[in-house]
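Q: If you want the building blocks of each chain, they are given just below.
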Amino acid sequence: MASRPRFSSLLVLFVALAARAHADDATAVPECPASPAAEQPTPNNVRLVTGSPYSALGISQTVTTLPDGHRIVRRNTIRQWRDSDGRTRSEFSLSSIGGTRPLELNTTVTVIDDPEVRERYLLQPANKVAVTMPIVPCRVNAGLEPDLSVGPPRPAGLPMNVTAPVKLGERKVNGETAAGSRVEATIPAGAIGNEQPINMSAEQWYGKDLQVVVEATYRDPRTGETRYKLSDIHRTEPDARLFRVPDNYTKQPAVAPARKRR
Amino acid sequence: MKTQDPHPHLAQLLKQYARDLAQSAPSTDLDARIDHLVAEHSQMSAPAPLRRRRRAVFYAAAAAFAALAIGVGIFIGMRLENLRGGPAAAQAGAHDTLWPPADLTMWPTDSVSFKIPAEYSAKGTLVAVDPDSKHGSTRYWIDVVVSNDGTFRIEQVVPADPTQKNGGHDGVAPKVQ
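Residue numbers (our numbering), protein chains in the order written: chain D, 1 to 262; chain Z, 263 to 439.
Pulled out of the complex, with its shape left as it was, chain D reads as follows:
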């Protein structure tokens, strides 16, 4: 008769272990694709970085010099926060975006990513709405070197040749130890109606502790030079309220926008 309670205990233990294993599986954070260029696009993947809280201001400035000497300066900023659990808040102050079809914005967009509940919130202050969409957190292999094994970036369908990234060593950027790398690219003569080859370059410095780009320079003779720098860096835990949707906001799931029927 003593064996019956023992059997029941084993059964309960087995069920509990199975449930725990299932829960672990459901909350397991997979690794991010090693090279997005080589993978199918995974737009809802959000990189999860835990145990490295910070707040900082990233300023990106693009200067385009016209043939008559006039200069167009476009400046956009990202105010960013991350807590120890990997939640992030980004406030994008967008003035204009250059390119073949420049976009004038003059707007601020706030985005909160909460990997724990696997949701992204885009705040619309005008109507007090938080548009929600599901995200899939993933972990980046904590290797602090650029992944050069995948070879040069492969811009899909673009008529350009890109060199393999070159390591630039380490240096201090705003008190952060940063590792640098650089790639160069060329659009061959005639590819887009150009008489001469167009030479471009990208240089990025990656904060080894912060695990974000702390400085970057992009050069393209067609659009000018873009310089990005992270400043006002604080390594303290940000206020937890920054990562919550305000109480007076209504959550609404994002829907695919209506596009023109053809």
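Treat the hints with care, since some could be wrong.
Now the in silico label distances, taken between C-beta atoms and shown as ranges [as the list claims (entries may be wrong)]:
| hint | chain 1 | residue 1 | chain 2 | residue 2 | range |
| --- | --- | --- | --- | --- | --- |
| 1 | Z | T387 | D | A191 | 17 to 27 Å |
| 2 | D | D239 | Z | D392 | 45 to 55 Å |
| 3 | D | K172 | Z | T387 | 32 to 42 Å |
| 4 | D | E31 | Z | I338 | 27 to 37 Å |
| 5 | Z | T387 | D | P221 | 18 to 28 Å |
| 6 | D | T108 | Z | I336 | 56 to 66 Å |
| 7 | Z | T387 | D | T250 | 32 to 42 Å |
| 8 | Z | T387 | D | R235 | 32 to 42 Å |
Counterexamples of contact, computed for chain Z against chain D with all Cβ distances above 10 Å [what the hints assert, rightly or not]:
| hint | residue |
| --- | --- |
| 9 | L272 |
| 10 | K277 |
| 11 | L299 |
| 12 | R317 |
| 13 | A322 |
| 14 | A331 |
| 15 | I332 |
| 16 | S383 |
| 17 | A384 |
| 18 | A390 |
| 19 | D411 |
| 20 | R415 |
| 21 | V419 |
Here are a few chain Z residues that face chain D, going by a calculated C-beta distance under 8 Å [claimed, not checked]:
| hint | residue |
| --- | --- |
| 22 | I336 |
| 23 | T371 |
| 24 | F376 |
| 25 | F414 |
Simulated from the structure, these hints should not be mistaken for lab results.
Even for Gly, the Cβ is constructed at its ideal location relative to N, Cα and C.
With chain D held as given, fit chain Z onto it using these hints.
A: Chain Z only, in chain D's frame:
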């Protein structure tokens, strides 16, 4: 006062002229010509305000016709633009050759994709608009990708559905695949 008898030869000619005159009847041609000249004269000597009024009516009719022609031209132009989806539609979905390309990943970065409602300005640039504002030109969804490596790019420009409320816009929204 008594006049002298004319010369016999002249008297004979006068008699012949009198006979011819007695035999001749008024010409219908002449009457018509006289009527025409009288009518023409009366038209030319019409009061000035009446002429001005007629001229004004003529100019007004011409202006109305020109305005109608311009209106029809604009309408046809708008229809054609809508059918073609506007200047941006031709480029919608096309890859840009801007540097650095979106899939250049030397280091891990975090990106956010937005959809922003916009219209073309008179300067030819895209301008983000309030989705509730009234609009006359074609609206577009602009897919914008911003990354914390300092890159801000326009990924795609797609015409909005004009049959939907606000052209299907609810303001800046996350990009849903």
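Q: Now tell me if each hint is right for this structure.
A: Against the structure, the hints come out as follows:
1. Checking the proposed 17 to 27 Å range against T387 (chain Z) and A191 (chain D) shows it holds: the Cβ atoms sit about 26 Å from each other.
2. One distance hint, 45 to 55 Å for the beta-carbon pair D239 (chain D) and D392 (chain Z), is violated here, with the actual separation near 31 Å.
3. Take K172 (chain D) and T387 (chain Z): their Cβ atoms lie about 40 Å apart, and the range 32 to 42 Å holds.
4. Checked against the hint of 27 to 37 Å, the C-beta distance between E31 (chain D) and I338 (chain Z) comes to roughly 57 Å, which is inconsistent with it.
5. A beta carbon spacing of about 21 Å between T387 (chain Z) and P221 (chain D) agrees with the range 18 to 28 Å that was offered as a hint.
6. Restraint check, T108 (chain D) to I336 (chain Z): a C-beta distance of roughly 37 Å breaks the suggested window 56 to 66 Å.
7. For the hinted restraint 32 to 42 Å between T387 (chain Z) and T250 (chain D), the CB-CB distance of approximately 33 Å keeps it satisfied.
8. Taking 32 to 42 Å as the suggested C-beta distance range, the pair T387 (chain Z) and R235 (chain D) conforms, at roughly 40 Å.
9. Interface exclusion of L272 (chain Z) from chain D stands, the closest Cβ pair being 100 Å apart, more than 10 Å.
10. Distance check on K277 (chain Z): its Cβ is at least 102 Å (rounded) from any Cβ of chain D, clearing the 10 Å threshold; non-interface status holds.
11. With a least CB separation of 70 Å from chain D, L299 (chain Z) remains clear of the 10 Å interface cut-off, as annotated.
12. The claim that R317 (chain Z) lies off the interface holds: its Cβ sits roughly 49 Å from the closest Cβ of chain D, which is beyond the 10 Å cut-off.
13. For A322 (chain Z), the shortest C-beta to C-beta distance to chain D comes to about 41 Å, beyond the 10 Å cut-off, and the non-interface label holds.
14. Against chain D, the non-interface label of A331 (chain Z) holds: every CB pair exceeds 10 Å, the least being about 29 Å.
15. At roughly 27 Å, the least C-beta separation between I332 (chain Z) and chain D is larger than 10 Å, which holds for a residue marked as non-interface.
16. Residue placement check: S383 (chain Z) does not keep its beta carbon more than 10 Å from all beta carbons of chain D (closest about 7 Å).
17. Non-interface call for A384 (chain Z) relative to chain D: holds, since the shortest CB-CB distance, roughly 12 Å, exceeds 10 Å.
18. Annotated as non-interface, A390 (chain Z) brings its C-beta within 10 Å of a C-beta of chain D; the closest such distance is 5 Å.
19. For D411 (chain Z), the condition that its CB be more than 10 Å from all CB atoms of chain D is violated, with the nearest at approximately 4 Å.
20. The claim that R415 (chain Z) lies off the interface is violated: its Cβ sits roughly 7 Å from the closest Cβ of chain D, which falls inside the 10 Å cut-off.
21. For V419 (chain Z), the condition that its CB be more than 10 Å from all CB atoms of chain D is violated, with the nearest at approximately 6 Å.
22. A hinted interface residue such as I336 (chain Z) counts as satisfied when its beta carbon comes closer than 8 Å to some beta carbon of chain D; here the least separation is about 21 Å, so the hint is violated.
23. Given hint, T371 (chain Z) at the interface with chain D, holds; its Cβ is 6 Å from that chain's nearest Cβ, closer than 8 Å.
24. The beta carbon of F376 (chain Z) comes within 6 Å of a beta carbon in chain D, closer than 8 Å, and the hint placing it at the interface holds.
25. Look at F414 (chain Z): its Cβ gets to within about 5 Å of chain D, closer than 8 Å, so that hint holds up.
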